[in-house]
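Novice: So you can see what is in the structure, the chains are spelled out below.
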Amino acid sequence: MAETKRTKPIYLDNHATTPVDPRVIELMVPYFGEKFGNPHSSSHYYGWETAEAIEIAREQVAEMIGANADEIFFTSGATEANNTAIKGVARFYAEHRNHIVTCVTEHMCVLDSAFQLEKEGFNVTYLHVDADGLLDLDELRDAITDQTILVSIMTVQNEIGTIQPMFEIGAICRERKVFLHTDAAQAIGKIPVDVKEMKIDLLSLTAHKIYGPMGIGAIYVGKKPRVRLVPMFNGGGQEKGLRSGTLPPALCVGLGHALKIAREEMKGEAIRLKSQRDRIWQSLVRELSGLHLNGSFDQRVPGNLNISVDGSDAESLIAVLPDLAISSGSACTSASEESSHVLKAIGLCNELAEASIRIGLGRFNTDEEVGFATGRLIEAITEVRNGGRSIAAAG
Amino acid sequence: MVHAYLDYNATAPIWPQVTAATADAMNACGNPSSVHASGRNARRLVEDAREKVAELVNTKPSQIIFTSSGTEANNMALSQVQDGLAIVSAIEHLSVLKVHEASKLVQVNPNGVIELDHLQSLLKECPQGSIISIMLANNETGVIQPVKEVSAMARDWGLLVHCDAIQATGKIDVDWGDLGIDMMSLSAHKLGGPQGIGALVLDEGLEFRPLLRGGGQELSRRAGTENVAGIVGFGVAAELAYRNRSQMDQTGRLREKLEKNLRSVVSDINIYGSSVERLPNTSCVSMPDVEAERQVMVLDLKGVMVSAGSACSSGKVTTSHVLAAMGCDHAQASTSIRVSLGWQSSEEEVDFFLTEWCELFFRTRNVDKLKATAA
Chain A
6 MAETKRTKPI YLDNHATTPV DPRVIELMVP YFGEKFGNPH SSSHYYGWET AEAIEIAREQ
66 VAEMIGANAD EIFFTSGATE ANNTAIKGVA RFYAEHRNHI VTCVTEHMCV LDSAFQLEKE
126 GFNVTYLHVD ADGLLDLDEL RDAITDQTIL VSIMTVQNEI GTIQPMFEIG AICRERKVFL
186 HTDAAQAIGK IPVDVKEMKI DLLSLTAHKI YGPMGIGAIY VGKKPRVRLV PMFNGGGQEK
246 GLRSGTLPPA LCVGLGHALK IAREEMKGEA IRLKSQRDRI WQSLVRELSG LHLNGSFDQR
306 VPGNLNISVD GSDAESLIAV LPDLAISSGS ACTSASEESS HVLKAIGLCN ELAEASIRIG
366 LGRFNTDEEV GFATGRLIEA ITEVRNGGRS IAAAG
Chain B
1192 MVHAYLDYNA TAPIWPQVTA ATADAMNACG NPSSVHASGR NARRLVEDAR EKVAELVNTK
1252 PSQIIFTSSG TEANNMALSQ VQDGLAIVSA IEHLSVLKVH EASKLVQVNP NGVIELDHLQ
1312 SLLKECPQGS IISIMLANNE TGVIQPVKEV SAMARDWGLL VHCDAIQATG KIDVDWGDLG
1372 IDMMSLSAHK LGGPQGIGAL VLDEGLEFRP LLRGGGQELS RRAGTENVAG IVGFGVAAEL
1432 AYRNRSQMDQ TGRLREKLEK NLRSVVSDIN IYGSSVERLP NTSCVSMPDV EAERQVMVLD
1492 LKGVMVSAGS ACSSGKVTTS HVLAAMGCDH AQASTSIRVS LGWQSSEEEV DFFLTEWCEL
1552 FFRTRNVDKL KATAA
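Chains as they are written, first to last, in the numbering used here: chain A, 6 to 400; chain B, 1192 to 1566.
Isolated chain A (complex conformation) (with noise of 0.2 Å):
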């Protein structure tokens, strides 16, 4: 099979980003086109065509999280999202508490967010992790005082995929009557994630990890319990004043679209590629000794392999990888050269940090490309152990 031609790598990269479906394309396109009216223009055709397919897709997004259409608010991505919903809730509430709890292993805009919130006066409490990069409920419990306003916790790391326990992390902050804001960009569509079930009141989406198109997000805003935030984007009022700006159509059906793909092909899904990935890892470590999987063994997204090779590192890896795309953690922060804060978190040296590598299936890769890579990594990690280490320090 290794015969088979390729004219361009296989793509294991999809916790970065994910292909666009080609049926959501296909739904795109004429709003990129023909239907390009202004959402906004109240006053004709073109602008109630738009206006129409944007309420469809917002109902598409409640649909897929359990939400109200009337509780969900369009964005520009997840790292919009986030920050909306961190800063604006912190700000609004401001006057009479100041503190809030996130995670260490956060997504870097929220850590950017809450960073930026201390520079304002607010305390902030950064919650460890454990080795499979999951919370410690008491640890949470305590962490929140009478002065809580917000915590924040995604719902599956990016990097290493753990699942956090959403359901008892909402049960506690519904009880000590603090909002409870998840990043999900990594859960959704992989996972079932339902914000009244969990008692989650602010939650960030984003379309580009599950097939959907770059340039737009959402966010979930509770109105039972009703929570309240200072906009980011200040203007012409859309979005009912939560968020300022010409909404996109196309984007907008785009996100729709891809979300009503995910929740009726989720199931399915996440079976093959919890069977493809376990292949790759039992491949991997029936051949090769001195592998570590990062991150926890069954709280783990389906589709997410995340691996410290002993003897190796990360760079020279995928230098000898060029027909695998794959990384080497957060695309975000891909071009730094820093080790990646999560696997810290987790406690992994800087030597096994640094020679940590991120594969990330997805709904295109077929049978064939995962038996392809799993011997190509075999190849590589050999030839790296094997000299390759030399030749990368030579470089």
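If you are wondering where the hints come from, they were derived from the structure by calculation, not from laboratory data.
A couple of the hints might just be wrong.
[To be verified] Pairs of lysine to aspartate or glutamate, EDC-like flavour, derived with a Cα cap of 20 Å: (1) B/K1493 x A/E54; (2) A/K13 x B/D1215; (3) A/K40 x A/E60; (4) A/K40 x B/E1292; (5) A/K245 x B/D1274; (6) A/K124 x B/D1274; (7) A/K124 x B/E1398; (8) A/K40 x B/D1215.
Could you slot chain B onto chain A? The hints should help.
Specialist: Chain B only, in chain A's frame:
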């Protein structure tokens, strides 16, 4: 003729080349921050587009920061106020006006041009760390503002100047170097690009405080995975707008015809800002005694699409703050509609508009006459 789309200032029809390029970009997968081949391909698409946008406004690509909209770009710019105040014109877009509740408003004259004397007096009172924001062309009237003069005045006081060039770009030549400003907002969907993508142009030495924080995208000025397909669409639209910029002369002639015909029907018709420099595509015009809401509704039923002011106010029909700032009373302002043309507008569409506008005008007038006779 079935339709006349004359609402380009709300959003412009998308160029077919943009549609094609955007769809192609969506088919090519990759996060531009990823280091592998897919990521590098996405990065190349983004950087090519950045060059095209830079060329349109005559600036360096490294000065362009992509955003999700013009509104975001305006909010980013206005949030650079440190300790000081925002001094903005009374006719700015709401995404400038609403960022700071305590903004000082620069008055405009009855033609819709800002009063530089008034700006001068505001400058005297404002503290260091203040920022001035003046749009290059107004979205409702098309009236062009003396931004160059504003930036010269601001320099004397050491203040930052932001310019919302969203409506001007693609309709008149916009030259960053000539304007002498520190920040400038752009939006793709006003020039035939996709919705959901804009840009903020920044002066090279500017110390910038980001609004969205997180990953280090856009030189750490704007976190968030780039909207690659949108950026590609913006690039193509910028290139087309640049290449076809002489086409605006034709648009200007259509506007001239439109206004000349309206004047021949109503000799004292109020066309806002028509005696000063305006964008060649925009006509803000009052139909005596007919509510704007009724005008757009009746015209829409006939297939003529125009608007009663800005599209952004989400369905609410309130008196335009722009026309109010120009000294219009409610009766005048509430009978005004905006007609805006663009790259695809034809003479047939203008004629179609004129026919329907005149029909409504005369019908209303005759009904009024009948009523008067009956009384």
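Novice: Within 20 Å, alpha carbon to alpha carbon, are A/K40 and B/D1215?
Specialist: Holds: A/K40 and B/D1215 sit about 18 Å apart, inside 20 Å.
Novice: Holds or violated: A/K124 with B/D1274, Cα cutoff 20 Å?
Specialist: holds, 15 Å
Novice: Between the alpha carbons of A/K13 and B/D1215, is the straight-line distance 20 Å or under?
Specialist: holds, 16 Å
Novice: If you draw a straight line from the CA of B/K1493 to the CA of A/E54, is it 20 Å or shorter?
Specialist: Holds, at about 17 Å.
Novice: Measure nothing beyond the straight line between the CA atoms of A/K40 and B/E1292; if it is 20 Å or shorter, mark the hint as holding.
Specialist: Since the Cα atoms of A/K40 and B/E1292 sit roughly 36 Å apart, the hinted pair is violated (cutoff 20 Å).
Novice: Under the criterion that the straight-line Cα-Cα distance not exceed 20 Å, is the pair A/K40, A/E60 satisfied?
Specialist: Holds, at roughly 15 Å.
Novice: Would you mind confirming whether the straight-line C-alpha gap from A/K124 to B/E1398 stays at or under 20 Å?
Specialist: holds, 18 Å
Novice: Starting from A/K245, check that the Cα of B/D1274 is at most 20 Å away, please.
Specialist: violated, 29 Å
Checked against the numbered hints listed earlier, the structure breaks hints 4, 5; every other hint is satisfied.
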